[in-house]
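> So the chains spell out like this:
Number of protein chains: 2
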Amino acid sequence: MKNEINIGLLGFGVVGSGVAKILHEHRDDLSHKLGVPVKINKVLVKDVNKKRNTDLSADIFTTDLDEIIADPTIDLIVEVIGGTSEAKQAIERSLRSGKGVVTANKDVMAQSGLELLQLADENRCDLFYEASVGGGIPLIRTLEDGLASDRIHAITGIVNGTTNFILTKMKHEKKTYEEALQEATELGFAEADPSADVDGIDAARKMVILASLAFSTDVRMEDVFVRGMKEIRKGDLELADQFGYTIKMAGSAKKDEAGIEVAVEPVFVPNSHPLASVNNEFNAVYVYGDAVGETMFYGPGAGSLPTATSVTGDIVAACRNLLLGVNGKRLHAPQFKCKIKSDSQKYARYFHRISVKDEVGVLTRLSAVYSNHGASLATVIQHADRNNGGVDLIMITHEISRQQHLDIMNELQNTPEVIEVLSFYRVEGETR
Amino acid sequence: MKNEINIGLLGFGVVGSGVAKILHEHRDDLSHKLGVPVKINKVLVKDVNKKRNTDLSADIFTTDLDEIIADPTIDLIVEVIGGTSEAKQAIERSLRSGKGVVTANKDVMAQSGLELLQLADENRCDLFYEASVGGGIPLIRTLEDGLASDRIHAITGIVNGTTNFILTKMKHEKKTYEEALQEATELGFAEADPSADVDGIDAARKMVILASLAFSTDVRMEDVFVRGMKEIRKGDLELADQFGYTIKMAGSAKKDEAGIEVAVEPVFVPNSHPLASVNNEFNAVYVYGDAVGETMFYGPGAGSLPTATSVTGDIVAACRNLLLGVNGKRLHAPQFKCKIKSDSQKYARYFHRISVKDEVGVLTRLSAVYSNHGASLATVIQHADRNNGGVDLIMITHEISRQQHLDIMNELQNTPEVIEVLSFYRVEGETR
Numbered sequence: 002m003k004n005e006i007n008i009g010l011l012g013f014g015v016v017g018s019g020v021a022k023i024l025h026e027h028r029d030d031l032s033h034k035l036g037v038p039v040k041i042n043k044v045l046v047k048d049v050n051k052k053r054n055t056d057l058s059a060d061i062f063t064t065d066l067d068e069i070i071a072d073p074t075i076d077l078i079v080e081v082i083g084g085t086s087e088a089k090q091a092i093e094r095s096l097r098s099g100k101g102v103v104t105a106n107k108d109v110m111a112q113s114g115l116e117l118l119q120l121a122d123e124n125r126c127d128l129f130y131e132a133s134v135g136g137g138i139p140l141i142r143t144l145e146d147g148l149a150s151d152r153i154h155a156i157t158g159i160v161n162g163t164t165n166f167i168l169t170k171m172k173h174e175k176k177t178y179e180e181a182l183q184e185a186t187e188l189g190f191a192e193a194d195p196s197a198d199v200d201g202i203d204a205a206r207k208m209v210i211l212a213s214l215a216f217s218t219d220v221r222m223e224d225v226f227v228r229g230m231k232e233i234r235k236g237d238l239e240l241a242d243q244f245g246y247t248i249k250m251a252g253s254a255k256k257d258e259a260g261i262e263v264a265v266e267p268v269f270v271p272n273s274h275p276l277a278s279v280n281n282e283f284n285a286v287y288v289y290g291d292a293v294g295e296t297m298f299y300g301p302g303a304g305s306l307p308t309a310t311s312v313t314g315d316i317v318a319a320c321r322n323l324l325l326g327v328n329g330k331r332l333h334a335p336q337f338k339c340k341i342k343s344d345s346q347k348y349a350r351y352f353h354r355i356s357v358k359d360e361v362g363v364l365t366r367l368s369a370v371y372s373n374h375g376a377s378l379a380t381v382i383q384h385a386d387r388n389n390g391g392v393d394l395i396m397i398t399h400e401i402s403r404q405q406h407l408d409i410m411n412e413l414q415n416t417p418e419v420i421e422v423l424s425f426y427r428v429e430g431e432t433r
Numbered sequence: 002m003k004n005e006i007n008i009g010l011l012g013f014g015v016v017g018s019g020v021a022k023i024l025h026e027h028r029d030d031l032s033h034k035l036g037v038p039v040k041i042n043k044v045l046v047k048d049v050n051k052k053r054n055t056d057l058s059a060d061i062f063t064t065d066l067d068e069i070i071a072d073p074t075i076d077l078i079v080e081v082i083g084g085t086s087e088a089k090q091a092i093e094r095s096l097r098s099g100k101g102v103v104t105a106n107k108d109v110m111a112q113s114g115l116e117l118l119q120l121a122d123e124n125r126c127d128l129f130y131e132a133s134v135g136g137g138i139p140l141i142r143t144l145e146d147g148l149a150s151d152r153i154h155a156i157t158g159i160v161n162g163t164t165n166f167i168l169t170k171m172k173h174e175k176k177t178y179e180e181a182l183q184e185a186t187e188l189g190f191a192e193a194d195p196s197a198d199v200d201g202i203d204a205a206r207k208m209v210i211l212a213s214l215a216f217s218t219d220v221r222m223e224d225v226f227v228r229g230m231k232e233i234r235k236g237d238l239e240l241a242d243q244f245g246y247t248i249k250m251a252g253s254a255k256k257d258e259a260g261i262e263v264a265v266e267p268v269f270v271p272n273s274h275p276l277a278s279v280n281n282e283f284n285a286v287y288v289y290g291d292a293v294g295e296t297m298f299y300g301p302g303a304g305s306l307p308t309a310t311s312v313t314g315d316i317v318a319a320c321r322n323l324l325l326g327v328n329g330k331r332l333h334a335p336q337f338k339c340k341i342k343s344d345s346q347k348y349a350r351y352f353h354r355i356s357v358k359d360e361v362g363v364l365t366r367l368s369a370v371y372s373n374h375g376a377s378l379a380t381v382i383q384h385a386d387r388n389n390g391g392v393d394l395i396m397i398t399h400e401i402s403r404q405q406h407l408d409i410m411n412e413l414q415n416t417p418e419v420i421e422v423l424s425f426y427r428v429e430g431e432t433r
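Top line first, the protein sequences correspond to chains A and B.
Counting in our numbering, the first sequence tops out at residue 433, every number present.
Counting in our numbering, the second sequence tops out at residue 433, every number present.
Simulated from the structure, these hints should not be mistaken for laboratory data.
No experiment lies behind these values; they were computed from the predicted model shown.
Honestly, I wouldn't trust all of these hints.
It does not matter which identical chain is used: a pair holds within one copy or between any two.
What the hints assert, rightly or not - Calculated cross-link-like contacts (lysine to any residue; reagent style SDA-like; alpha-carbon spacing at most 25 Å): (1) Lys330 with Glu145; (2) Lys34 with Gly260; (3) Lys34 with Ala334; (4) Lys347 with Gln405; (5) Lys358 with Asp408; (6) Lys176 with Ala277; (7) Lys51 with Asn124; (8) Lys3 with Leu324.
Isolated chain A (complex conformation) (with noise of 0.2 Å):
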């Protein structure tokens, strides 16, 4: 039986130097947890000279991976490096050489998860990823272990801190977008490049890897439909309070018969639903499986000490592996193959807002529309407000496929009356 558990710690950014401070601050804790002392042997950074606030001896700073691949007395690969070429080349590296791997990677979990887990299994060596998805949240575990049993069909939730702080401050405060981001990125919660997030192109990797657990299968990102914030109108927001929803980033994965569904965009919540009220950086993730019903994990979706949590969370099942020497013992084929829902089986009501001119008849006509498709709508309201020249409809269909929804989009553009198509959005989080 080891003695100590010696970790390689690739990267000391916002979530390494977080992950360092855990291990640091509860290594009494941990050390009776685990029966051992877990330490960090070697840093991998850019720049070993730089000034770093850490408890860490200075000499154990380095830029070259291989002395920390190559080293005998490391039995652990923590990454938290973050892209994606480099990233995976370091874990694939770790795994080959025998190291099991802890990482926050959500973009190389979700390109690569499957083929790196397998990686793993064939070396015997753990992998884990909890700190890719929900921050501070166990949402991994709790679908691998505490719903193991159970046959999850659906995931909705909040999985983008960054933009849900945005929508917060934009809803809440009445800031514009911009400045909206501009106060995400001065408390850190945006990166200086922010078009992954506010893109939706993060939420989309996380619900590629919550998919692809609950469901046993291999999503991908081209499965995934996405839409960013940016198609969120000047006035929307309001207009959506106005009918008793807010608008929230979200992910939602679905499966029944026919297949499955993935997809991230701005979406209309009941302000009835709990999700409406999960506010600035928090996460908050809704589980449906057929026997346990509804269930809902929330939590700091960014955020230094909150990711290091689940990433330490991870080093404590790993080293409890490596102890009892049964790392690498997890099976990671999926059970089924991924069959996606075409447009015409995805169904969901849809809120729209159109611009049209404000003559006689207009409502006859764009009425007409809906029921050419087949849609029967919820609500129809002539709006007060004016623009473009026109006046604004709103339409709330009752349950349409997704098909229905483009047809009528694209009709809607070819319809004289229409100045234009505003914005349009799916309803989430109502009760069928």
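Position chain B relative to chain A; hints supplied.
Frame of chain A, contents of chain B only:
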């Protein structure tokens, strides 16, 4: 390596039949996850001739525990009998015979959890008990694994579905306590004798289990301050609402340098706090960690299939350990001695509803009682309703110690202007 796992199921009531159903309906998924099939080999019941709606063969039902314990083909015992002495004995005998145990029994785990976990360790067996707290919510696992690296300092939440169902019906449908209790009984959310639920004993047991695990210590039932929901007076729910609060039966466990406090009681929760919107039989538990910050876990707190999901989740975990040969390898010695705070070390805001004589100077007289005990008041309102020939005074304090609150209560009861102290509540869920 074993080529199948055989289970001895003790009890075939609401939860037991749910476990059988899930193991049967999800058998392919479970086989895939574990690599071997999981089978119920024997079922302990009181009456083998009772008609049962099940896919299990009639000849595996038995009334003889000895037969199950002595069966060398049985690997794992699932205890869902409930109650205390018979269940505890069955768990002990199973562990002593080298069989791992999965239990849903909060009574036994609250009373003898540490003792049984240590017995499991001695016999190199697993003892899992996820279903003892929070129905379908994987809380135990989250505290043991997901947040393993963090230091938890508080747990607050709704851990009893019965009382939450009753309070929801009383608040939202204006039912009386008796009507709401009857509905809960009819729906199977309350037992024939509901006293353990409504008196707070059931919730106290769950808080003992959660606090012991979260704080790595040994909390006992006698350490928990318990007030039942019968202390809620007519008019209190409406009164709470007028002040922006909802009354919930809440469990709370907190730890700081001074020690630990654990309580179950009806409390005032601000309507803006998400706990106030947790309705019906649902449970929700907030966990606060030094590093992770605020997390919340929500789901069905009762019901056959949700609870059975937690039991079968534990079965999967126990099977994995059996297949890997690492059962009974968790360390169950508490890290800390349990130091319970005195009443003068427990701080909170309090809501007092006092019936006083309708005469000049009574407010001055009563305010003096509070200031005599060093308590400052946040809100003082003379409530319009008259009763018992007096008027109601509402006093909401700033943060005071429980000792101050008790001293004030005591002096109020001996103040001639006071007709009766009608009710009092701790205020929970506010940011300090």
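> What hints, given by number in increasing order, does this structure fail?
Going through the list in order, the structure violates hint 7 alone and respects the others.
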